[in-house]
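These protein sequences, in sequence, are chains L and V. Counting from 1, one number per residue, gives the positions in the first sequence under our numbering. Counting from 1, one number per residue, gives the positions in the second sequence under our numbering.
No lab work stands behind these hints: they were computed from the structure. You may find that some hints are simply not true.
When chains are identical, the list treats them as one kind, so a pair holds in a single copy or across two.
Under the rule of at most 20 Å between Cα atoms (straight-line distance), these lysine to aspartate or glutamate pairs were calculated in the EDC-like manner [stated by the list, open to error]:
| id | residue 1 | residue 2 |
| --- | --- | --- |
| 1 | K80 | D284 |
| 2 | K28 | D169 |
| 3 | K80 | D325 |
| 4 | K256 | D284 |
| 5 | K424 | D361 |
| 6 | K28 | E49 |
| 7 | K190 | E156 |
| 8 | K339 | D284 |
| 9 | K424 | E88 |
| 10 | K200 | E156 |
| 11 | K28 | D51 |
| 12 | K424 | D100 |
| 13 | K190 | D150 |
| 14 | K339 | D30 |
| 15 | K339 | D361 |
There are 2 protein chains.
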Amino acid sequence: MNIRFYNARILPFATNDTAIIEGELWTKDDRILLVGDPNGVTPPAFDREIDCRGNLLLPGFKNAHTHSAMTFLRSFADDKPLQQWLHEDCFPMEAHLTGDDIYDLTKLAVLEYVSGGITAAFDMYYHVDRIAECARDTGFRFAICGAANDYGGTAESTRRDYEMLNAFDPLVSCRIGFHAEYTTSEPLLKDLAAMAQDLKAPVFTHLSETSTEVEDCIDRTGMSPLAYLDSLGMFRYGGGAFHMVFPMEGDFEILKARGMYVCTNAGSNVKLSSGIAPIESYYDAGIPVALGTDGPASNNCLDFFREMFLVSGLQKLTVGAAAADAIKVLHSACSVGAKMMGLDDCDCLAPGKQADLIMLDLHMPNMQPLNNIAKNVVYSGSKANVALTMVAGRILYERGTYAIGVDPEAVYAKANEIIARIRKAEGR
Amino acid sequence: MNIRFYNARILPFATNDTAIIEGELWTKDDRILLVGDPNGVTPPAFDREIDCRGNLLLPGFKNAHTHSAMTFLRSFADDKPLQQWLHEDCFPMEAHLTGDDIYDLTKLAVLEYVSGGITAAFDMYYHVDRIAECARDTGFRFAICGAANDYGGTAESTRRDYEMLNAFDPLVSCRIGFHAEYTTSEPLLKDLAAMAQDLKAPVFTHLSETSTEVEDCIDRTGMSPLAYLDSLGMFRYGGGAFHMVFPMEGDFEILKARGMYVCTNAGSNVKLSSGIAPIESYYDAGIPVALGTDGPASNNCLDFFREMFLVSGLQKLTVGAAAADAIKVLHSACSVGAKMMGLDDCDCLAPGKQADLIMLDLHMPNMQPLNNIAKNVVYSGSKANVALTMVAGRILYERGTYAIGVDPEAVYAKANEIIARIRKAEGR
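Just chain L, with the same shape it has in the complex (with noise of 0.2 Å):
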């Protein structure tokens, strides 16, 4: 499908600058051909031309942390910190889930993803291969993420992991990752080291979520978990920590030294009443941050518009006022999340880039008046204001209607009866 936008207003974020500019914008395939002037350029055949009225065309959201079927357990398991709501209600619940039920539930992830402006996710789950057969047949993008440890996977099975996954479809990437250092003995985590050396490949895990696990990790290690896990060479390639609530002394430079990024995952931390993270300290000291919901049992929901206004306010209230500005927490959430991820090609609107975008309207009252359209979108913008989204060059989602090659309704019902099944199982 060849696509023209007009009548666009466009944040590109491909330059340092952001200005948003009008114009068009071409897609050919699964990439962007044109942005901007078209003068001068001859335009292909188009299958669809769409007048964007003025609305706005941006990268569409990266989430960079995620368990995607964990849908199953929204508004299952709440109101519990996070130890607690781990060990009662989500192993045993996760222990029924078969691959089948893991590909229909990530699908129901899907719809919400599409329908919010979310256009590539970093999944960290099991059944990675049926994952992949979701991204396939769903047309989304995802980075999957290894989650080796102690109670599944080994260096090897992620290393497999990362070479199937790496070939099977152009949606799917892996990254090798493993669970967290607290559910990971010290041989795993040797032994997944070596081997991201051998790949000269960056690692990515859950890291300083809580502060009993930080506290622990001392306890035991003598050092923070991210100094601990570097002292044992894990991140020589970089790497990224999903949370990073809170961070060490140390442990910035370590950061800095190893190129890694974060991924902050606010609703999450908040309502699992974990902490607020420094993430105006990881601006400052020019650390890449990205963007995650975390998974929809602990969020609850994949809301991109809910985490870019709670990445900026909380740090408003902890830092002041001026922390975290709308521009700032947008470039966050639409490119760095790609750069984390490995999706090097889908982080900006520009000609040869995947064409990965979203169409937000700005016809609506959230948007007006248009004093300033990058503050509208984090600091009043909401799902409602979606309109299009497209990945690889295809419309998954438009104006409430999926092309993602299945029925919502019955994506619906076989995540009710996944949960039914299971709660029967467990007696609760």
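On the provided structure of chain L, position chain V as indicated by the hints.
Below, chain V without anything else, positioned relative to chain L:
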């Protein structure tokens, strides 16, 4: 209009039972005729019958503190703390507003209210006659709160407005109010207190929004703002405090003794870096808590889904994961706000009550599976779920279409004209 809703799920908030029932809801003119089981009840002649397809009916959200016409400053004045924001941005720009401006800018807010499921707003602003006209012309319900202070308004003018507005239109009501302790001299406060006592009326005001405000009042009077105002007899007949972020020792007792309400404005308090109100403590003390968006110059949107998640999430963050659970917050949003505003007929869905209600679409991915519908609304809901908004028996919004007597595009154009004119006058 008489309307039949059938195949509905209904959360009436009519009793302490917060279970969701299945059945029908009938409206006759501006009132609710039946909720639940229609067996044996003679139906009126229906003008319309709506198949709810299992979607959720609940009382509309009551926005218990706002400054609607400040829509013109949305995304204009941001990233500054309260006093700087007020004096550098709000006051100079507001000085240019005419009555016509306020009428038009309030309509922009009404569009946002109804598309977000808000059915009534407690509005504190100037040119109250024009807000009342806006209510009458759009069909939206406004309770208007006096805003007297040293820069405008007296006890006499407040009383005149009170009497005029309460006789104006069934959609309009008025409550005695003034701007804040820190903007109102003692002689005027005493006049207002005497007038309110004469009317046996409750009084509403901004109270303890920032720590500076509280400290300054203690320096001047030796008392907290609430204790000081109470010492003047201000709350003899009750009333309410907007914000109440920083209660001092003794304030809880005064709130209880006077039967006062607290309206919390979490989005605004976060964005202006004011602080987190101790909502769970108010709940524990039995002090009724309502929710408000505050004006769109500070928040910047008029979105109760964002407010509900923030109110719950910020309590979880500061008190613990069990705090401010979904059903408590939803009750505050739908029901307590109505009582605070004096809209005793709008607090729940029951025969004889005003037909102020909303329908939320559960056939959307963020509402699935249906593990717990009230949690889904508060923890994962968004404006995109609002399928229908009815005020006084009239459908003002339905799936993207507005029926408030004006073309939304004309409202947007006016708002952009107004801010352009004022920016030009101010040279900014």
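**Message:** Checking each numbered hint in turn, tell me which of them this model violates, lowest number first.
**Reply:** 5 and 15
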